[in-house]
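Asker: Given only the sequences and the hints, what does the whole structure look like? Please build it.
So the protein sequences, as listed, match chains A, B and C. Using our numbering, the letters of the first sequence map in sequence onto residues 1 to 158. Using our numbering, the letters of the second sequence map in sequence onto residues 1 to 288. Using our numbering, the letters of the third sequence map in sequence onto residues 1 to 785.
Not one of these hints is a red herring.
With the C-beta cut set under 7 angstroms, the calculated list includes, among others, these residues of chain C facing chain B:
#, residue
1, E118
2, E121
3, T653
4, V697
5, L705
6, D711
7, K713
8, G718
9, D719
10, E775
No lab work stands behind these hints: they were computed from the structure. Ideal Cβ positions, reconstructed from N, Cα and C, are used throughout, including at glycine.
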Amino acid sequence: MSRRKIRFKINGVEKTVEVEPNKTLLWLIREELKLKGTKKACERGDCGLCTVLLNGEPVKSCLVLAVEVDGSDILTVEGLAKNGELAPIQRAFIEHGATQCGFCTPAFLIVGHWLINRNPNPSREEVVEAINGLLCRCTGYKPIIDAILEAAKYMRRT
Amino acid sequence: MLPKFEYYSPTSLSEALDLLEKYGEDAKIIAGGTDLLVSMRDRILKPKCLIDIKKIPELRRIEYKEGVGLTIGAAVTFKDILEYPNLEKKYRVLWEAVKTIGDMILRNRATLVGNICNASPAADSAPALLILDARARIINKNDGVREVPLERFFIGVKKTILKPTEIVKEVFVPEPPANCYGKYVKVMRVQSEDLAVVGVAGLAYRDRGDLIIRLAYSSVAPTPIRVKEVEEVFKKKNMSLDEKIEEAVKISSEKVSPISDVRGSAEYRLNIVKVATRRLLKELVEAV
Amino acid sequence: MFVNHEGGHYLEALKYVGKSITRIDAVEKVLGIAEYASDIELPRMLYAKLLLSPYAHAKIISINYEKALRVPGVVSVAVGDDFPFRVGLYVNDRNILARKKVRWVGEPVAAVVAEDLEAAEEAVELIEVEYEPLPAVLDVREALKPGAPLVHEELGEYAHSPAFNPIAGTNIANRFTLKKGNIVEGFNKSEVVVENEFYMPQVSHVQMETHVCIGHYMADGNIKIWTSAQSPFTVRYILSHSIGVPLHRISVYVPYVGGGFGGKAGINFEPLVVLLSKKAGYRPVKLELTREEHFLAAPLRQGFYAKIKTGVTKDGKIMAEKIFYAFDAGAYADYGVNVARAAGYSCTGPYYVPNIEAESLAVYTNHQWGTAFRGFGHFEFLWAIERQMEIVASKLGIDPVEFRLKNALLPGLTTATGEVLREDAGRVDQCIEAVAKELRWGEPTPTNDPKKVRAKGIAALWKAPAMPPNAASSAIIKFNEDGTVLLSVGVTEIGQGTVTSLAQIAAEELGVPIEKIRVVPFRHTDLTPYSWQTVASRNLFMEGRAVIRAARDAKEQILEIASQVLRAPKDDLIIKDEKVWVKGRPEWSLHLKDIVAGYVYPNGNTIGGPIIGRGYFVGTRLSYLDPETGQGYPALKWTFGAQGVEIELDLETGEVKVLKLVSAFDVGKAINPMLVIGQIIGGGIQSLSLGMWEQYVYDDKGRMLNPNLTDYKIARAGDIPEEIIPIIIENPQSDGPYGARGVAELSMLSVPAAIANAIFHATGVNINDLPLTYENIWKALNKKR
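Answerer: See below:
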């Protein structure tokens, strides 16, 4: 199995890595780059906790091969806060108690962040549709939905 | 961890076909990867090489030509389909079906052609494609392109007519009948998202005043199936609409062969086929 | 006027307690930098992979791992006989790896340790095991029949806690019995007698973080463990007991836990990784279960069968109840024996029943072993009791809310164990009434669609912590030289957020702003203080009391020093806003930071030293239960509640939509209302999910058919009710911290019963088995026709 060199940008930083074809993007993020915010919880695309933005779109990184991200732009939860300042979606999660054990939080933040940046006025149904692919066992989802709607409101005001 | 394999990402269709010719059964095409990688992780599939078709421009093409039809390339994602202008209106039943597949994030990667090549009996896009008379355009290195109507494409549970050296280049969906009304009903175990317990796609339109109905199902037979016998019922002369609907429900329930699995029993699926068909037909006949 | 935890009054409003302060670990978690066990990497760490049994019950004839050892990168392979130890929380029955035979499909039979995960995975596939299948017992009632295959032939030889009674020669891991009053007389006085059976299958916690742990058996004989676990002291204790290493040589470290729900409450894979570490040359070994392995090899919730016979007078007073509960505890007893006990002593639900005969069994089967799960037997038996209450009320022609209120267990009445409910125990009647009111109970719910029907259902609930009388919590408050505070507690952070409430209590008590208090973010048995376990909805109460005592201890030490410096008696001093001052004389004050590391006089004389406040808490006068009658005082405190739903049911398909979910709990005092509401909503949805969709589906050989999240369905965002209404009721409990009780499990207990009760009202059809899948509902509706 021949290793491939891939070049990509992650959270604004250029990286060049050599990787085997059978490694997933999730493995690349957690094991190679040691960014532990993105989680591994099913590796089948069911739970969505491995979700990151790939070229601006949410994808389940357990179902993307690392070799496929050559030339791509990746955003993980570690890239949301800028210069120590929390992103609106992160602040909203804190205010609304949308994080309990915190294991699912990075994935919901990534999708919420993506949603409010492309849809300034999402309906509750649109929020639910965006996050239906992500599992949470602690919060019952309601605080998360409220937080995303609140963050959207903040985006509209600024 | 996934099993070991060689990875190629050709930038032209001929390059991809050369690779297929070389590797044959030892190769698998990867587009969205959302079915393939799961099967590989489970060790159900252990291909020696993966051929990534996402860098082949002509396979990423989705195009609708007025009066002709819709062409969906092999690497076109469900997201591309959902966002294609006017597709929601023009090909409503297909659009609705695609919207129920997986979840929004999965639809950013998963492809329609991948969905039909995986050929699960539960493939949600298939019933809609069947009643729209869709065709698969298959290509291999030596023989060029051949067109196969989708009802001949599926031959068994997760089995298609594709030979190991062939790929589906695109799916072609002809111009739908004028002023038709289509709907896809997906019955699930939950409210949110799931594989279909039963899926039924329906299309209705008037052909010089005559009511024409088309129905197809997923999850109730070894392959997705179109029940043409139902379509005959609505052409009959001496029956009321309600009688036709009941007759259609009866025929459908006889033509499907649901099994009992972890998602539902055969008995329940059969009940759902009847209930969902009846409700769908009532909605269809009222709409046109 | 405000009531404090001692029932006394104070004039000033509370500054922190009672406020919805954002949780103190929220920033870490939204930044994605919170540490979980899986994130930990150690030098020379090895990776373990398990080989699981394909049989529910089989003798192990031989295991050949020659080929596995030859895979490059493999360091060691272990099988059961390499580790001749047993572990058990209450009954010492569990092997580290299967020995002599396998007892469920998924039992770990061998473990490979390798330099990387890929090598370990490859090697596992090369291990050859020869089995001789044995008849398996796959149903809890079958397991009780005479002549049933025995899961543990050697049951009589296992050491066990004296509180539990395994019965040798049977599959009974524990038999709990309870007798109150006179059951014969009770049924004689009853004018209507109703008997029903109820059932629920095994279900999984589905924590988002699977089981993961690292074990390092050091060459000097000390042992280190890093684990995603709820109870580090239990891990340490049971391991010590099992392999004979004393407690001071075992260290257990627990970072943030990605969900526990009881599944990580005990001891799971830690002994295995520790022993693998020793075998692999004293290098650290990490085991992280995949989701499938988590479904197949990690412990789950016991299955449940109940038979309840209730005798009532015609005007609706319960006179007698004969109760039989049987828990399918699976292959190993673990918490199961205590689940059966707890269900036994709470068996009636929150109602007054004067005459009771109850038997509650934990039963071995060839299913996966059961452990603790939020609710601990109460989710199970309340399904049965709350369905039974509905059926009895309907037979009497009495409104079910009225029937429950008529029999409500109120202060002054006795529980099943003979405990007189204290005056400040909490009010189940208020909870029921609040839910009924919010649901607009009694108002009709029409729909336009003839194929659909809407209805409402209610169920009540109660629970006390199921813990031994000596369960303890402790807390340490350390002042730093700048006057900031480190609060160290034993409760682990599994998502429930108790540590935030504890910080609020500390801030309130110490007069230090909450921003200057940090709760130590990990647990380490060498460094953070003892807590029995993070379970049972006990930690806010017990850790809270411990924190208050630790704060008082610290203040005592501070006043001791301040008194000398300020030349004033201690009772003339107050501590407030980070200062100590003489009452009425704010100009005569000292800043805390000048005291807490020792006070230095101008000439250099120093008095005092680093202030460390400590406190502990144990329940007052809790007792063992009589081995025959179950009478005694097991309960630290009872939390009461009620849950109700409004549903829409499709009569042709069985599809149920829960339109509205209302929950009310008498929490005594909401230290942090936002966190309480978080528990109410989260637990309510988990309860709904478990009741409607979740089950282990087995084939006839005991193999689980849905070990993945595609086919083991849990609630998603699109599945939650449109309206979710949490109601907090506060009748303070005088010995709780600021009057607080606990709510974490309570929110999980009764949603399935409420839904089934609503279905019953809509259709007259009784569904007594879970889950309430659309198909099961349709089948039940159809059977009636």
